[in-house]
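Using the UniProt record's numbering, the first residue of the sequence shown is number 1, and each one after it goes up by one.
Hints in this document: simulated from the structure, not taken from any laboratory.
Bear in mind that the values here come from a model prediction, so they are computed numbers and not experimental data.
Only true hints are included.
With a straight-line cut-off of 27 angstroms between C-alpha atoms, the simulated DSS-like cross-links for lysine-lysine are:
(1) K49 / K156
(2) K128 / K49
(3) K150 / K49
(4) K49 / K74
(5) K156 / K74
(6) K161 / K150
(7) K128 / K156
(8) K128 / K150
(9) K128 / K74
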Amino acid sequence: MSARETFVHSFYNNQAQLRHQVHWFRGRTSLFTDQIPRRNASLLLTAVKIQDEGRYMCRTSTSEGNKRAFVDLKVEAPVSDIRIHQDGNRITCSSEGIYPQPELTWSTEPPSNTALQNRTTVHQTEEKLYNITSCLTDHDPNLTYYCTVKTQTNQKTGLVKPGCTANSTKTPNKPEIHGNSLKPVDCLDELDSAVNAENNLDTVTSVTRLLSPGLS
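Starting from the given sequences, assemble the full structure and let the hints guide the process.
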């Protein structure tokens with residue numbers, strides 16, 4: 001194993017051999033041992049973290065010779081919820097625990113003739129997750145405002161309807177959805193719009209991670 005490889009999992013003599021496994025993979029890796037006779041050497045990686053993202057290499061040695069294969073693991077923490085509230089002339093929209101870095105956009109219904117004045121900040125936590133917050137000022141009380149936070153695979157939208165009072169809080173009521181149109185139900189609410197709903201990244205066929213610069 002080279003200096004640029006990190007030991008993830010090993011199996012031989014009919015049992016796992018984990019003496020050299022690096023500490024951050026401990027308790028999170030296993031093989032489907034009943035599938036090994038069927039030539040399935042897939043590795044199950046649980047409690048996936050952002051730091052697990054990268055290229056993995058699997059080596060196998062059988063009577064037919066030695067082989068290796070590569071898997072690129074991409075990790076995503078989807079947008080799970082949006083918090084949106086109004087305080088006087090200011091509307092604040094935020095979402096936390098997202099990866100990779102999300103985008104936040106504002107829109108109105110009916111469409112506004114003027115540019116929306118907003119300030120958006122993004123913070124990355126020690127866990128490499130992103131928190132995003134945006135403040136909209138000088139809003140028109142006759143418009144419905146939508147705040148959308150999205151990644152490449154999913155998005156969520158919160159809204160503020162005309163007539164909202166200061167310091168309102170988001171209600172959990174689900175909006176009515178008709179085809180591709182969204183019908184707001186409450187003064188402050190959250191709308192789901194998921195793309196590629198399946199997001200299972202726990203299984204990789206690998207025993208070694210190839211480190212990229214800056215990863216440890």
